[in-house]
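Here the protein sequences come in this chain order: A and B.
At position 257 of the first sequence the residue is numbered 257 (the numbering used here), and the sequence of numbers has no breaks.
Position in the second sequence counted from 1, then plus 315, gives you the numbering used here.
Simulated from the structure, these hints should not be mistaken for lab results.
Just to be clear, a hint being listed does not mean it is correct.
Unchecked claim - Which chain A residues face chain B? A few, computed with CB under 10 Å, are given here:
id	residue
1	Ala186
2	Pro208
3	Val209
As the list claims (entries may be wrong) - Computed spacing ranges between beta-carbons, pair by pair:
id	chain 1	residue 1	chain 2	residue 2	range
4	A	Met129	B	Glu460	45 to 53 Å
5	A	Tyr118	B	Asn355	26 to 34 Å
6	A	Leu21	B	Glu499	55 to 63 Å
7	B	Asp340	A	Thr200	22 to 30 Å
Said to hold, decoys possible - Over 10 Å on every C-beta distance to chain B, these chain A residues come out as not near it, computed from the model:
id	residue
8	Leu21
9	Leu24
10	Glu34
11	Ala98
12	Ser109
13	Asp144
14	Gly150
All residues carry an ideal CB built from backbone N, CA and C; glycine is no exception.
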Amino acid sequence: MAFYRPARWQRPATLAGLVALVALPAALTALGQEFYIGFATRVLIFALAASSLNLVLGFGGMVSLGHAAFFGIGAYTAAICQQAGINEALFAFPAAMAAAGLFALLVGSVSLRTRGVYFIMITLAFAQMVFYLFVSARAWGGDDGLPLAGRMTLAGFSLAGDSALFFASLAALTAALLAFGRLAQARFGRTLQAIRENETRMEALGYPVFRYRLVAFALGGAVAGLAGALLANLTGLASPNLLQWTQSGTLLVMVIIGGVGALYGGVVGAAVLLGLEEVLVGFTEHWHIVLGLLLLGIVLFAPRGVAALFGERRG
Amino acid sequence: MADALLEVRGLSRRFAAVDALKEVDFSVAAGEVHALIGPNGAGKTTFIHHVSGALQPDSGSVRFAGRDITRLSMHERVRAGMARSYQITNVFLGLSARDNVALAVQGRADAGTSFRFWRPVAAEAALFAEAVDWLTQVGLAGKAEAVAGSLSHGEQRALEVAMALATKPQLLLLDEPMAGTGPEESARMVELIEHLARHVTILLVEHDMDAVFRLADRISVLVNGQMICTGTPDEVKADAGVRRAYLGDHL
Numbered sequence: 001m002a003f004y005r006p007a008r009w010q011r012p013a014t015l016a017g018l019v020a021l022v023a024l025p026a027a028l029t030a031l032g033q034e035f036y037i038g039f040a041t042r043v044l045i046f047a048l049a050a051s052s053l054n055l056v057l058g059f060g061g062m063v064s065l066g067h068a069a070f071f072g073i074g075a076y077t078a079a080i081c082q083q084a085g086i087n088e089a090l091f092a093f094p095a096a097m098a099a100a101g102l103f104a105l106l107v108g109s110v111s112l113r114t115r116g117v118y119f120i121m122i123t124l125a126f127a128q129m130v131f132y133l134f135v136s137a138r139a140w141g142g143d144d145g146l147p148l149a150g151r152m153t154l155a156g157f158s159l160a161g162d163s164a165l166f167f168a169s170l171a172a173l174t175a176a177l178l179a180f181g182r183l184a185q186a187r188f189g190r191t192l193q194a195i196r197e198n199e200t201r202m203e204a205l206g207y208p209v210f211r212y213r214l215v216a217f218a219l220g221g222a223v224a225g226l227a228g229a230l231l232a233n234l235t236g237l238a239s240p241n242l243l244q245w246t247q248s249g250t251l252l253v254m255v256i257i258g259g260v261g262a263l264y265g266g267v268v269g270a271a272v273l274l275g276l277e278e279v280l281v282g283f284t285e286h287w288h289i290v291l292g293l294l295l296l297g298i299v300l301f302a303p304r305g306v307a308a309l310f311g312e313r314r315g
Numbered sequence: 316m317a318d319a320l321l322e323v324r325g326l327s328r329r330f331a332a333v334d335a336l337k338e339v340d341f342s343v344a345a346g347e348v349h350a351l352i353g354p355n356g357a358g359k360t361t362f363i364h365h366v367s368g369a370l371q372p373d374s375g376s377v378r379f380a381g382r383d384i385t386r387l388s389m390h391e392r393v394r395a396g397m398a399r400s401y402q403i404t405n406v407f408l409g410l411s412a413r414d415n416v417a418l419a420v421q422g423r424a425d426a427g428t429s430f431r432f433w434r435p436v437a438a439e440a441a442l443f444a445e446a447v448d449w450l451t452q453v454g455l456a457g458k459a460e461a462v463a464g465s466l467s468h469g470e471q472r473a474l475e476v477a478m479a480l481a482t483k484p485q486l487l488l489l490d491e492p493m494a495g496t497g498p499e500e501s502a503r504m505v506e507l508i509e510h511l512a513r514h515v516t517i518l519l520v521e522h523d524m525d526a527v528f529r530l531a532d533r534i535s536v537l538v539n540g541q542m543i544c545t546g547t548p549d550e551v552k553a554d555a556g557v558r559r560a561y562l563g564d565h566l
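Build out the structure end to end from the sequences listed, making use of the hints.
The structure is reproduced here in structure tokens:
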């Protein structure tokens with residue numbers, strides 16, 4: 001893989017996409033399809049979570065199978081904040097990011113001492129530990145998860161309306177992608193990608209490789225935590241399902257479909273996967289079969305992901 | 316040697332049942348070109364790995380610039396002033412020659428931290444200007460924009476050296492810089508090393524005997540994990556043990 005560089009069309013296309021998304025809730029309301037505002041919000045939130053994994057996996061070259069832990073910790077942190085009487089997202093969301101980020105720091109400081117399969121297994125093991133912790137924590141709902149009494153407020157404005165939460169999610173995703181896009185071209189991102197390409201060479205140039213990886217891993221965890229907090233608001237529940245290893249797998253699949261190491265890989269992957277699910281479920285309950293075939297097709301014919309088909313430039 | 320820049324004492328390392336290095340004593344004086352030679356499998360690369368920090372010894376010590384660095388990691392040793400080039404070309408093939416060297420410049424302590432998240436590297440003109448200076452030193456000024464993967468083998472070897480130089484080392488470890496190059500490219504590399512030797516201390520591992528005898532101030536000979544001889548090129552040529560173990564009909 002080469003280093004990230006934005007394509008020339010990327011900025012205008014992004015702006016056009018943003019404008020379309022900003023107009024989306026009003027358009028859906030006008031068409032009487034308000035239901036899809038919630039669906040679109042879900043796509044945005046998963047796009048955020050998948051993008052945070054793409055920072056770790058795509059730019060950092062770290063194949064983590066425990067990303068759901070950070071996602072779920074974010075959701076639980078939001079719910080626990082509300083349980084404790086903090087209903088303001090300006091506190092709860094940063095708290096979710098901090099909790100997930102700190103846990104990622106802990107996981108990373110252990111797991112990043114290993115490579116390859118060992119790294120995958122250790123991240124998975126940490127995530128499973130968190131899963132069983134929350135399943136057995138009765139104060140936090142155990143198996144049933146921890147419900148939210150209602151959506152939070154953001155800077156005093158209620159997120160109860162579907163459009164409000166949509167815009168909050170859109171803002172979070174936009175900010176994250178802007179930050180990742182900048183980071184990828186700044187010293188940190190160049191260093192990270194060079195480490196992905198050739199770790200030993202970077203050591204031999206004097207770079208403390210472990211530290212750069214750890215920071216990227218924690219950053220990815222924190223952003224996943226934000227996505228989790230948003231999702232808890234959307235669904236009204238911090239569920240242990242969010243912490244399942246299958247959830248980590250889903251995020252991985254999204255990144256692979258969209259494009260590993262492509263800035264919009266997570267967004268494209270989340271939109272394709274959730275969109276297909278939405279459409280196919282209407283036809284057959286065996287929609288996973290179709291999804292599996294699609295995944296095979298992508299791996300065979302577009303191994304760099306769907307985003308790469310649109311020529312995101314590399315070099 | 317009173318002012319040894321690199322001083323290795325009693326270095327030993329076993330791999331399973333094999334003594335890869337046995338009680339190796341070795342030193343490089345500041346300012347010299349010191350060549351390390353030995354037959355294939357003698358342990359030269361293993362030895363270099365212990366000097367550069369890629370491997371840790373079972374016993375013995377490595378001192379560099381008056382400081383014990385035996386337990387320092389590779390990147391800490393680079394920061395302390397020791398850089399290496401690789402036997403197998405080890406550059407970022409997808410990046411331009413200039414970007415490769417700019418990464419090396421960026422990694423240096425005096426270039427500031429790389430925990431910068433916002434400003435594009437492309438805007439840091441100083442990094443790239445310096446990178447071009449290093450490329451000029453190794454004769455690659457005209458290839459700055461070329462993607463490293465498109466360079467000839469000899470050019471990639473030179474790029475490798477430029478990256479090591481850009482870390483501003485006191486000691487440059489060159490691991491077979493002539494490996495796989497043709498006669499013309501080898502000649503150019505010899506000239507380059509002669510030029511560099513005026514500014515930096517060099518530890519050279521090389522199979523090309525013509526190059527070694529032309530460049531080296533001193534030569535050490537490693538055979539079966541043991542340093543059997545160290546001396547000037549003439550002393551080494553005359554050494555009976557060396558002749559028996561290694562050079563044989565070469566001389």
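Tested hints:
Evaluation of the Ala186/A hint against chain B yields a held restraint, the C-beta minimum of about 5 Å falling below 10 Å. Against a cut-off of 10 Å between C-beta atoms, the interface hint on Pro208/A holds, since the closest Cβ of chain B lies about 5 Å away. With a cut of 10 Å, the hint placing Val209/A at the interface with chain B holds, because the nearest CB-to-CB distance is about 7 Å. Checked against the hint of 45 to 53 Å, the C-beta distance between Met129/A and Glu460/B comes to roughly 50 Å, which is consistent with it.
About 33 Å separates the C-beta atoms of Tyr118/A and Asn355/B, a value consistent with the hinted range of 26 to 34 Å. Checked against the hint of 55 to 63 Å, the pair Leu21/A and Glu499/B passes, with Cβ atoms roughly 59 Å apart. Taking 22 to 30 Å as the suggested C-beta distance range, the pair Asp340/B and Thr200/A conforms, at roughly 28 Å. Against the 10 Å criterion, Leu21/A stays outside the reach of chain B, whose nearest CB is about 24 Å from its own CB.
Against chain B, the non-interface label of Leu24/A holds: every CB pair exceeds 10 Å, the least being about 29 Å. With a cut of 10 Å on Cβ distances, Glu34/A stays outside the contact zone with chain B, its closest approach being about 38 Å. Residue-level check passed: Ala98/A sits 18 Å from the nearest beta carbon of chain B, beyond 10 Å. Distance check on Ser109/A: its Cβ is at least 16 Å (rounded) from any Cβ of chain B, clearing the 10 Å threshold; non-interface status holds.
Annotated as non-interface, Asp144/A keeps its C-beta farther than 10 Å from every C-beta of chain B; the closest such distance is 40 Å. Every C-beta of chain B lies more than 10 Å from that of Gly150/A, the closest at about 36 Å, which supports listing it as non-interface.
When the structure is compared with the earlier hints, no violation turns up for any of them.
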